[in-house]
Amino acid sequence: MSSSSAFNEEKGGSSSVGEPEYGHDPASGGIFSSDYKRHDDLKEMLDSNKDSLKLEAMKRIVAMIARGKNASDLFPAVVKNVACKNIEVKKLVYVYLVRYAEEQQDLALLSISTFQRGLKDPNQLIRASALRVLSSIRVTIIVPIMMLAIKEAASDMSPYVRKTAAHAIPKLYSLDPEQKDQLIEVIEKLLADKTTLVAGSVVMAFEEVCPERIDLIHKNYRKLCNLLIDVEEWGQVVIINMLTRYARTQFLNPNINESLLEEGGGADKTFYGSDEDEDEDEEEKEKKAEAAAMAKRKPYVMDPDHRLLLRNTKPLLQSRNAAVVMAVAQLYFHLAPKAEVGVIAKALVRLLRSHSEVQYVVLQNVATMTIKRRGMFEPYLKSFYIRSTDPTQIKILKLEVLTNLANETNISTILREFQTYIKSMDKDFVAATIQAIGRCATNIGEVRDTCLNGLVQLLSNRDELVVAESVVVIKKLLQMQPEKHSDIIKHMAKLTDNIQVPMARASILWLIGEYCEHVPKIAPDVLRKMAKSFTNEEDIVKLQILNLAAKLYLTNSKQTKLLTQYVLNLAKYDQNYDIRDRARFIRQLIVPTEKSGALSKYAKKLFLALKPAPVLESPFKDRDHFQLGSLSHLLNAKAGGYQELPDWPESAPDASVRNVEVKESVPEWTKCSSREKRKEKKVEKPFYSDSEGESGPTESADSESDSASGSESGSEGSGSASESEESGGVSVSEEEEEEEEEEKKTKKRELKKAVQESESEQSSEEEDRKHERKMKQQKSDSESESDEEEESESESSQSESDDSESEAEVRKKKKAAESKPPSKPAKRETTKEKKEMSLLDLDDFEPAPSPQVTPVNNLFSNSLVTDLEGLSLSEAVLLPATITPSSVLKSYELLHRITGEGLSVEYCFSRQPFSPDANMVAVQMQFTNSSASDTKSLHMEDVKLQSGMRVKEFPEIESLPAGETATAVMGIDFCDSTQAANFQLCTHTRKFFVSIQPPVGELMRPVFLTENEFKKEQGQLMGMNEITEKLTLDAKCRNEHAIVQRVTTAANLSRVPCGSDKECSPPVPPPEHPVHRFAGRTVTSGSLVLVTVATREEGAAQLTINCEKMVIGTMLVKDILLALTQ
Amino acid sequence: MINSLFLISHSGDIFLEKHWKSVISRSVCDYFLEAKEKAGDPENVAPVLQTPHHYLISIYRGKLFFLSVTQTEVPPLFVIEFLHRVADTFQDYFGDCSEVVIKENTVTVYELLEEMLDNGFPLATESNVLKEMIRPPTILRSVVNTLTGGSNVGGTLPTGQLSNVPWRRAGVKYTNNEAYFDVIEEIDAILDKSGTTVFAEIQGVVEACVKLTGMPDLTLSFMNPRLLDDVSFHPCVRFKRWESERVLSFIPPDGNFRLMSYHVSSQNLVAIPVYVKQNISFLETGSCGRLDITIGPKQTMGKTVENLTVTIPMPKSVLSVNLTATQGTYTFDLTTKVVLWDVGKLNPQKLPNLRGSISIQTGSPKPEENPSINIGLQIQQLAISGLKVSRLDMYGEKYKPFKGVKYVTKAGKFQVRT
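From first to last, the protein sequence lines are chains A and B.
By my numbering, the letter at position 17 of the first sequence is numbered 17, and the numbering carries on one by one without gaps.
By my numbering, the letter at position 209 of the second sequence is numbered 209, and the numbering carries on one by one without gaps.
So that you can see chain A by itself, here it is in the shape it has in the complex (with noise of 0.2 Å):
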């Protein structure tokens, strides 16, 4: 019991007398005049000056308003208590004015100042709950007032208050909405908002204000992608909605170039098998020329903020809120490429369980998404089998999804669960269920003959719902295949005697009338009856005998032309005009008279024109151009304030608009900088075309300018730092390094350049050159410039003929003189470079674990880089343990923020040889300290391995400043395990337990094998060592650099290049089905890990691993299998 009953009761009794008399209509002239003087004695408590009483007497009052009643006389008494000291008394004062000051606004204006101070208040509570009850205040005049007071919350430090603020918008659009362009603005700025707490309030007061402007999304969209995991659950709802919506209007539809992408491919390939690297060139160009045509041609990639939304919204499938699940469910259903929107099937199959409302809204979106993508839910089917508990909405929608899922391997099951659904005592349901076989059988020819029978059995059923339900089905059924089934008719034509449903009765002798051929000798007798009992027939019945007769007497005029004529008399005295309408109509057009005109001649076709079979159609066909999950969807029809679903956009738009300075995001988010790059990679692309010769200063020039566009997305934080540190000293070399490696990319990738620019949207050529330059740089720091020379050399060798080799060398020489005094220009080259890579790095440092990331894109430079990569390895050429950053490596949570109290500590396997101890695995630690406090003398304790295991522990970090963040380097002797290494990481207040567990693909390092040295290492691991699996590649894997890519990404191995025999014999067109080979060691004990993909038709494919090491490859396979069907 609540205390205002226990203090109603305290007051002597008024309550329980008189509460009472509160649920009489308080509108009956009767007892007015008494609720006329309680109000006077609520008017006295009120303005007495005992909290108490006037507390008492507004929980009355607020009683009041919650049934209904009208207390609006008490107004003067009430607003006075607004500034009341009593906290509760003045939070049911508030309840009252929002609900009476519409009506007495003169009034309400009393109240305004005090809420006027409460937004100045110190306490962020208040100031938001004063706006809050300002802006629910809806009288007009305050609305300039409003209006201040939003834009002053919009900027107030307190996120709180910024979120009343985005709440009050749609309130004062409601109430004027001429004050709409000063609130865009508004929710312009809230939008760029970066807490969570904000971002479900603004977009939903977008949405309700100005759901067209689009635009305002852009800079934004990737954060909201990013925020949305922490936004309370409602703000999710609404926000994925939105960016459903959006991103229909940005991206391109992932389904529409499947067709056009294996058309694509295969022109590819056959151009890249007849033709030599000059010849590619002038395709390039002839494709650049018609780049128009080929637009269209370009195979579909999805754009990288496109797969973000897909990626970030996945977790929240599994969410406790139905209303999440089914915005995530709708997005993934209108926005995913078909092989991922399988992932949402299970989370609505799951809401089945839920409240039966939260049942029906699901079950009527499966019901639309059945229809488009069956295979979805067909591994559900049976948990759409149906209760007799169930309420029968839900039934008929059941049924309606298990229609939807029928298909020829699983009628035969469907159909005998159909069976007991028939004997439901529910007859609503059973005639859904006999509508619902009608369907199956029209739908799988091969199940027609047996739901025919079925159908004609349920007519001696008892219950005369069943049967008439029955005949309309079943006439259905016969119209598509009459001749077969006269015995049918036949007895259909008997159960007239008996069935009184109109429209079974009227079914019955349409199928008589339409086929009385086929039944000759009766159909004249059930015209007979017919005629006898016409006048108590039904209208449509009668329509139906009308028809019968005309039909009869055109084919049969001998037996029927009396009875015809007396049905016609009849019908012509019908209260009915449509009756009577109809039998002067038949009687002009069948019996000839003189005036009869032409049309009589055609009687017979006219009536016994062969008619096309029904079409029996799911009611929830075509439904899915309304956005699933919404009210219109629900009814089938616009609701107000719906927003339609836009088409997919022929071209993408602009992808830019939603890039972001990088100054003004948070580390987290700064996936964009990568189209920043690529804006900078477009301009960057005449300087490679035409560089060819050229040197120094035509090179530097460009950096230069890209060096200003680079600064302007500059400032990122720790990574590059300490990239540019260590690299500060070898600059040098590095620089050199460069021009070789720029002149050798130019000769053989220009035109490769161009393709990727057409054909990609993702910046390849950017990924690719930014690994060159992590290669390079690794190198440069430890390597002599001999060995450069000698890499430089293979690597030449490996694609051009002898004698160019020794040309190129020369050249190199020449040009690393020339630039070895270090010009200026070129010092400031590779410092921007080295700031541009470390954005780059930055960029894909994302809270989601992103394996879509590659370490490689391009899949000429890939093999390069692999070709150097193993090439430096198998000299034994130990680097030092410089790091590069995270970036493409998948990078795993050690320690969560709210674990570590503002500690979080990411690891990423670094797949850096660990200089200490070469058997190690280097990981690579990243350390955020974003609390407030400093961190102080970060190390690891208390180290427990499973037996063999070793650990190089990471030098202690002495002190990490609040909001800074450090990396670390450790290695770990996994001892070619995947057991985890658990260990304690030490502040000097706290320890934390960690694990690192590595997965298998990171117990390898690359070796380098030739094709020839594969092959034979292949031959002796045959047996045992080796595992064979057969597998089918992701749609959006098939082409090589995506399996080079993926595997790559998968384990830290090495390609075998493909293509080595080539350097002999001008090359030989590429097989139809490329192998791609790929090769390691493991780090501990070195032994070999061989992988093999060889690739057939239409994305099949054949995994081999050759290990010595079973567990290994075992677990490989695995994983390389996950990485190759994603």
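No lab work stands behind these hints: they were computed from the structure.
Hints may contain errors.
With a straight-line cut-off of 30 Å between C-alpha atoms, the simulated DSS-like cross-links for lysine-lysine are [said to hold, decoys possible]: (1) LYS193(B) - LYS277(B); (2) LYS1118(A) - LYS338(A); (3) LYS103(B) - LYS50(A); (4) LYS952(A) - LYS1016(A); (5) LYS621(A) - LYS38(B); (6) LYS240(B) - LYS314(A); (7) LYS1036(A) - LYS240(B); (8) LYS529(A) - LYS604(A); (9) LYS1030(A) - LYS936(A); (10) LYS423(A) - LYS193(B); (11) LYS427(A) - LYS316(B); (12) LYS1118(A) - LYS316(B).
Far from chain A, some chain B residues (derived; all Cβ distances over 12 Å) [as the list claims (entries may be wrong)]: (13) GLU34; (14) GLY195; (15) TYR330.
Here a beta-carbon is modelled for each residue, glycine too, at the ideal position from N, C-alpha and C.
Guided by the hints, dock chain B onto chain A, whose structure is given.
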């Protein structure tokens, strides 16, 4: 979003209304009441109705209709889920969500509704946050309030909304620190006449009752997390940890909450704890029928089946039943025509049996269909899927909490077709 909310009793009495935007006349409910009349069974009222100017979205909970009115496009599930959250909050506050209780606590209800929605958009729906703002009524407090004129509105301003763990109150203190977890599994099954399983799956939830001081960070791990096919979590659970390590890592809300719900894949064979031998037949002549039901244990993993109940909704033409039960008692509801047999504990030595005759209205034909049998049961200390909690660790606080895990298996929608 949501313009107004009406609470309507089973009989159609509108006893509470709340408007977040302009007032909408309660006459709008007439459309709903009409639909309710037409549907007969309250379960069959369509949750979403369209009227000329408004859309009505309703739920049916605890013999009450929560009817919300909206004028514009809104995801229906959004509203439905919110209404259920409102009902849950009432349940949480008052221990029950019924007409009587709500009428008793009108003012508190009103205050709650005021806080939960702002301009029709959900504001604070976490019970921990709400409880900081509006204290739930207790007998003690209402007595104290009566004497002192105190209030049930929190004197301090709530800060929960501002924290990054909005589900947890700040400054929680307990003398006994305890954390209990109940793993509750329900078997949903359809068995056909012969006793073969048409469809069976296990749905489970982990209900938690955590009363721990401060800001504990808990980690709950399972022996066999692979069993779980599909899961959904309370927002406090760190999804990433689950994805990578299959452990539940979370800072718990204070008090009772549902930590996770899960689904055990139907690929796994589901153990059906009981079998039902039944024979229900209606004679062609003589307007009567026979019923004979025996229940026996099947796969109970050595545990006792308790709280066994059998519910049989009879065809409408059944007049009365005359049965004898060897164990427990049975009732027959004349209006709903439901036979409810409360068996109690299942004794494997002496199987419970219910048999007797059914009399049917004279003149009415033999019912076409046989009623289905719904089974209810409970097995203590057993999670039928075999799920086991392996350990619970606490970080972030110094004290040693008392920990407990309980397993229960229940029958969910367990139906035997006849």
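Problem - Structure versus earlier hints, numbers of those that do not hold, lowest first - result: When the structure is compared with the hints, numbers 4, 9, 12 turn out to be violated.
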